[in-house]
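Numbering (the numbering used here), first residue to last: 2 to 192.
Don't read these hints as lab results, they were simulated from the structure. Glycine is no exception: its CB is placed at the ideal position from the N, C-alpha and C atoms. It is possible that part of the hints are untrue.
[Said to hold, decoys possible] Taking CB as the label site, the calculated pair distances span:
hint	residue 1	residue 2	range
1	Ala184	Glu34	38 to 48 Å
2	Ala164	Arg58	17 to 27 Å
3	Asn97	Gly67	17 to 27 Å
4	Ser32	Ile183	24 to 34 Å
5	Asp102	Leu54	40 to 50 Å
6	Gln33	Ser134	21 to 31 Å
7	Asp91	Ile183	38 to 48 Å
8	Ser191	Ala42	40 to 50 Å
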Amino acid sequence: MKSSLFTRRFAIGVALTLALSVAAVVWTKQSQEIANYNLLAASSAGDLAAAALLLRRGAQINSRFGGEGQTALHRAAAQNEVQMVKFLLDHGADPNVADADGNTPLLVTAYKGHLEVALLLIAAKADLDVAESRYGITPLMEAARKGHVELVGMLLAAGANRASTTKDGRTARELALSGGNIAIAEMLASR
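Using the sequences and the hints given, assemble the complete structure.
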C-alpha cells in the first residue's frame with residue numbers, strides 16, 4: 002500500500018512537472034513573439050528606453066516580423082530614427098538582413114534619403130551593392146532614381162558599384178536620367 006501511494010504521488014509529480022514545462026514553453030514562444038513585435042514598434046517610434054527593456058527581456062534584435070519581414074533596424078531606418086539606428090547597431094543588429102522583398106535597411110534609407118542613417122549603416126559594414134529581389138535595385142540606384150544627390154555622393158565615396166544593373170539591365174545613371182535627375186546622372190558619368 003505504501004509503495005503504491007508513493008508511486009501515485011511520484012506519477013502525479015512527474016505529470017505536474019511535464020505540464021508546467023509545456024506551459025513554460027508555450028508561454029516563452031508567445032512572449033518572444035510579443036517582445037519581438039514590441040521591439041519593432043519601439044524602433045519605429047524611437048523609444049530607446051522601451052527597446053532597451055525589450056532586449057533585456059529577450060527580444061531578438063534581428064527578428065523579422067509580419068508579412069513584410071522587416072526588422073527593428075528596417076523600421077528605425079525608415080523613420081529616420083538616428084539614435085535608435087545607432088542603438089540597434091551597437092546592440093548587434095545586422096545591417097544586411099533583408100526583408101521579405103530583399104530590401105536591406107540601407108536600401109530603405111536610400112529610398113527615403115536619410116543621410117545620417119546611411120552613414121551609420123555604411124560604418125556598420127552594410128553591403129553597398131546588394132540588390133532587392135524584385136527588380137535588382139541597389140541602394141545607389143535607388144538614391145539616384147529618387148534624386149538624393151548627397152546620398153549618391155556618399156555611396157560612391159564609400160565604394161558603391163556604379164556599373165551594377167537592374168534585372169532589366171539599367172544602371173544607376175539611367176535610373177537617374179529616367180527620373181529627371183540630370184545632376185546625379187552627370188555625377189555618375191564623371192566619376
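Hints, one by one, checked against the model:
Look at alanine 184 against glutamate 34: about 46 Å separates their beta carbons, and that is inside 38 to 48 Å. Separation of alanine 164 from arginine 58 is about 46 Å and departs from the stated range, judged on CB atoms against 17 to 27 Å. Taking the beta carbon of each, asparagine 97 and glycine 67 are about 20 Å apart, inside 17 to 27 Å as hinted. Restraint check, serine 32 to isoleucine 183: a C-beta distance of roughly 53 Å breaks the suggested window 24 to 34 Å.
Range check, aspartate 102 to leucine 54: Cβ separation about 30 Å, and the 40 to 50 Å hint is violated. Hint check: glutamine 33 to serine 134, Cβ distance near 27 Å, so the stated range 21 to 31 Å holds. Distance hint check: the CB atoms of aspartate 91 and isoleucine 183 are about 39 Å apart, consistent with the given range 38 to 48 Å. Remark: the range hint 40 to 50 Å for serine 191 to alanine 42 is upheld by a beta-carbon distance near 44 Å.
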